[in-house]
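Participant: Here are the chains, one letter per residue:
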Amino acid sequence: MVFERYVEVGRVALVSCGPYKGKVCAIIDVIDQNRALVEGPSTKQGEEGVPRQAIRFKLLQLLPYKIKIAHTTRSKALKSAWDKESISTKWTTSIVCQKLDARKRRQLLTDFDRFKLMKTKQRRQRLIRLCMGPKPKDKANK
Amino acid sequence: MGKLWYIKNPSKAIAKTKTETVAKKGRTPKHYEHQKPNTRKRLRARKSNPTKIRSSITPGVVVILLIGRHKGKRVVCLKKLESGLLLVTGPYCLNACPLRRVHPKFVIATSLTLDISGLTSTKAIDDVYFQRTKMDEPKKEKQTDLFIADKKKFTLTDEQKADQKTVDKEILECLAKRDDSSLVKDYFKSLFGLSKHQYPHSLKF
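First to last, the sequence lines map onto chains A and B. Heads up: the first sequence runs through residues 4 to 145, numbered per our numbering. Heads up: the second sequence runs through residues 86 to 290, numbered per our numbering.
Mixed in with the good hints, there may be bad ones.
Claimed, not checked - Below, a list of computed lysine-lysine pairs in the PhoX-like style, where the Cα atoms sit at most 25 angstroms apart: (1) K190(B) / K164(B); (2) K274(B) / K122(A); (3) K262(B) / K122(A); (4) K107(A) / K281(B); (5) K124(A) / K270(B); (6) K281(B) / K124(A).
These aren't lab readings, by the way, just hints derived from the structure by calculation.
Generate the whole structure from the sequences, applying the supplied hints.
Facilitator: Now the structure itself:
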């Protein structure tokens with residue numbers, strides 16, 4: 004099995020646990036076998052990014068994006084490299100990000116929202132059934 | 086010396102007692118020095134503590150009943166009664182839940198609130214409204230009517246039925262003002278239930 008995503012300076016990763024869960028950051032430096040120094044500018048307006056800190060590798064999920072930075076660059080340089088590769092748009096348009104957002108939205112549904120969702124799903128199914136037409140009779144069962 | 090701290094005007098009192106212990110001719114003194122003078126006991130200010138209901142339950146909130154024959158139904162909370170119970174109704178025309186009292190502990194408050202500020206018919210309804218008249222016949226009469234299986238059943242009075250209708254009508258009027266009124270009506274008609282992978286502690290209501 005060939006690995007495609009490596010831990011390296013500039014690798015973009017998703018934080019999977021802790022206070023910055025669901026946020027995206029770049030590996031700026033490797034501290035030791037278990038920890039990396041990371042920082043992530045905010046990807047959405049109004050949302051904070053990941054402040055510069057040490058995070059365990061176990062809490063990071065490597066993404067298929069990479070930015071070109073030298074190790075331990077300043078936040079400003081990091082941000083300009085981040086924007087150059089437009090990592091924020093790449094991330095927010097990716098399927099993984101959209102699925103995570105959908106999961107968050109589902110969690111915040113109220114009881115009435117869940118009811119409305121159920122009704123909409125029913126309506127959609129009925130329309131699909133109408134388009135598909137009546138079920139053809141099984142020739143074997145005739 | 087008598088205890089002076091509960092006498093209003095000690096000097097006057099002392100003067101009084103002194104003059105009174107000196108008995109007037111033919112009369113016994115009002116009180117003696119060793120006795121406590123008659124002081125009115127001051128009653129502690131009685132505080133009335135009305136029951137507190139959690140802040141998520143206010144008049145107009147749609148609430149899910151968890152116990153009783155109407156469990157699972159979504160009903161409108163009309164007001165908090167003095168006994169601490171909630172006055173609730175289906176409305177009856179939508180889900181057959183009548184004007185009823187419900188314990189706030191056995192209820193889930195949803196975030197859907199109806200604007201029932203215009204409701205006037207519920208102002209007269211209180212705990213006394215729900216007190217039932219005794220249906221049981223006194224024991225003496227029961228013995229003579231042993232073979233007559235005519236037990237009085239609880240039936241609604243016409244007045245109660247009319248009250249239900251007026252309350253329903255007013256609630257439907259409040260509903261009609263909403264954009265999603267038909268959806269909300271269907272919401273009232275449906276029952277609440279947990280499906281797989283739904284855990285109440287992680288659900289938002």
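Participant: Now look at each hint and say whether the structure bears it out.
Facilitator: Checked hints:
Among the hinted pairs, K190(B) with K164(B) is consistent with the structure: their alpha-carbon atoms are about 15 angstroms apart, no more than 25 angstroms. Restraint check: the Cα-Cα separation between K274(B) and K122(A) comes to about 13 angstroms, which is no more than 25 angstroms; the hinted pair holds. At roughly 21 angstroms between alpha-carbon atoms, K262(B) and K122(A) fall within 25 angstroms of each other, so this suggested pair holds. As the CA atoms of K107(A) and K281(B) are separated by approximately 18 angstroms, the hinted pair is consistent with the 25 angstroms bound.
Of the pairs offered as hints, the one joining K124(A) and K270(B) holds, with about 18 angstroms between alpha carbons and a cut-off of 25 angstroms not exceeded. Proposed proximity of K281(B) and K124(A) is supported: the alpha carbons are some 17 angstroms apart, at most 25 angstroms.
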